[in-house]
Amino acid sequence: MSAVLSISGLTKRFGALLVTDDVSLDLKAGECHAVIGPNGAGKTTLIHQLSGTLKPDAGAIHFDGQEVTALSAYARARRGLGLTFQITSIIPGFSVLENVALAAQAKDGSSYRFFGSVARERRLNERAMAALELLGIEDRAQRLAGDLSHGEKRALELAVAIASQPKVLLLDEPMAGMGRKESAALIATLQSLKADYPLLLVEHDMDAVFALADRVSVLVYGKIIATGTPEEIRSNAEARAAYLGEEA
Amino acid sequence: MRNALPALFAFALFAAVPWLSEYWGGSYLTSLAMRAMILAIGAVSLDLLIGHGGMVSFGHAAFLGIGSYVAGIALTEGTTDLTTILALTVGIAALFALVTGVISLRTTGVSFIMITLAFGQMVFFTLSALSDYGGDDGLTLWDRATAFEEDTVLYFSILGALVASWFLITRIVGSRFGRVLRAAKQNEARVETLGYGVFGMRLTAYVIAGVMAAIAGVLLANQAEFVSPATAAWQRSGDLIIVVVLGGMGTRSGAVLGALAFVALEEGLSSLTHDWRLIFGPLLILIVLYAKGGLASLWERRV
Amino acid sequence: MSTTLLLIQILNGLQLGVLLFLIAAGLTLVFGVMGFINLAHGVQYMIGAYLTVWFYGLTGHFMIALILALAAALILGLLLETFIFSHLYDRDHLDQVLATFGVILFLNQAAKVLWGPTPLNMPAPEILAGSFQITENLQYPLWRIAIIAIGLIVALLLWFLVTRTRVGMLVRAGASNAEMVSALGVNIRRLFMVVFGFGAMLAGFAGAIAAPIYSVEPGMGDDLLITAFVVIVIGGIGSIRGAFIAALLVGLVDTLGRSTITDILKLFLEPSAANQIGPALASMAIYVLMAAVLFFKPSGLFPAKGAA
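Residue numbers (my numbering), protein chains in the order written: chain A, 29 to 276; chain B, 2 to 304; chain C, 176 to 483.
The shape of chain A in the complex, shown without the other chains:
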């Protein structure tokens, strides 16, 4: 199966510090590829280079058959590279429904329309409700997004990402700050999303990684030291020493 997203030789320096060291990896349709690594391994830097908020010093990123290395975050998002942030970032003063409808609108024709009432656009609202139902927060639709609980906000983030109909989802620590029950619910949701949306998952939570990932890459000091199935990574001595050992 061909890769939807592939990175080759990606390199990024901050001064003398090599934060991304010749990283190559890819994401195939229908799979979940997890990137794990200790704190400071350069996971967030990598995600930022993928989403386009940071420019790499060398290397190439191909997405959906085209090179996107030089494109802005905005242009990449238009092509379907969906990102959820590590830090929850929704529009707090909008209702939950309007947050998601805003994302649906981005994919639905021009936004340079000045007259019709957008709150009455049925197609946008239906698409938004569908995304909310998928995440199980449809009963919160009319609440202010800023008033949601932490777990609900993360679910809303995902609903927003899905409503913008991405070809790929980049998830930056979606489990961060969640309780056990909330995590379990989110893992189940992501499990069901995987078939339609290939997931690139950067995550600390090992339960989540081993439950979801088809392949795992271990990132240490900006370098990928191992890639393989969860079982292979579990038994890889180097990876265990670098990361799993630390957790155990």
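Computed from the model, here is a short list of chain C residues facing chain B with C-beta under 10 angstroms:
{"id": "1", "residue": "271"}
{"id": "2", "residue": "280"}
{"id": "3", "residue": "281"}
{"id": "4", "residue": "469"}
Residues from chain B that keep clear of chain A, each with C-beta distances beyond 12 angstroms, as calculated:
{"id": "5", "residue": "36"}
{"id": "6", "residue": "162"}
{"id": "7", "residue": "281"}
{"id": "8", "residue": "291"}
Just so you know, these hints were derived from the structure itself, not from any lab. Quick caveat: nothing in here was measured; it's all calculated off a predicted structure. Glycine is no exception: its CB is placed at the ideal position from the N, C-alpha and C atoms.
Using the hints, position chains B and C against chain A.
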């Protein structure tokens, strides 16, 4: 729709003023009402930027100045056709908004405030330097635009322009375009990553608001039969911000209520004392420190 | 234009630049350290000028008047800070703009009530009241030379304060990262007061030394304030070095623009047209400069790290 009621009430009040003025106030009352309405158009357009778009422009009075000078110069040179004047105004104001917007919108926050302030001053000094058209002292007009020769026509044209501006801005805010603009005010990075070009949308809003204020300037020139660089002074931009905040930013009726309150306050205080700013200044500070949400929120909290 | 005339315009430009720097320094520090946009900074300049004229009238000595005026300007600045501005630091810029606008309205009107609407004047101190012989038939007022000298000395002192002392280090750190400074256990409230009072005094000082050459009138600080904003935007908000260079640049561009643009236009325009367009273009010059700088460097020539 309930939140629009105070504005609709204000429009009805304005519509009744010519009739009321026959019993009390006469032309003083009508000219006061016209000033309030013109101020309201400026404030309604500025609220699109500040209240909905998060762009605190401190140079909005420049557009009023541009509009009034286009009208003033055209009338002085013998062009009294309103359509021509309006076409010229829209063209020049849009061009100015486009050029200054492209530069200003590269910055955000306090830099944006200062840059719009500086561009406003640029217009102010340019108008002051037009020595053929009165320079510092301003220019008295001997004609109004042909369409505005009748006082009543002028009055109701201003009211019509106010209602139209308010309706237009209300629709824009509720539209697809307005939704993105409002979202970008709260979380620009998020809106960008959804795939929206925030810069282009803000620039569009900036041009719309500028053109609208410039049209208010044309009306002002015809109403006052006088144009002055002082219209574009930064203190007038400050007044416009006061009106927007006093009325309630980003609300349906705020800008209109704010303009009414501002003109009433100015007239009321200056009838008490010549040095009314000694009262208005501290009042403004108290409003900022202790009253949040403006006049519109008083109404919205009730219903 | 002759060389001597050009020299005079350059001196005038430097003198304006130095005054702008004294005003802009406080403005940029207050913004850099506290994130506070203070429109009322221009009235501090006006107050400085009025107080100097007033104390001069009472005492008849320039130096005594200057010292009294500086002390009074400092006290006024601290009062404003304590009772009004300190409540605005954690508000958004819009609130700060409005409240300080209210202060301007009040103080401008108060000056009008206290000292009348007609412009006041005062002489330069006697030893510096004369003129400086530049060429055989050209003189330049000594006091304007003195302003340039004083301004440069203050700039040097400021540079020393900011780069070589503990308070200066805190101020620089505060300009780039206020949270870090408070994490160091520094009393932020007191640091803010010191910086604010100091900035107010510098603006008052600018007003005091400007009193002998400009007419002292209500609202005299307003236009200079906007120009000072142009200066700190060009220089990079929060940067003293940027403010210094930008102030001289703006002073020179503005002065030379006003004296040369019309003449330059006459080279390829009808004289009447040049007379019409020239002054307008000249008054736009510094804004064009600002727009050009921002177009290439949106955060100014010397952006203070981390500052907005």
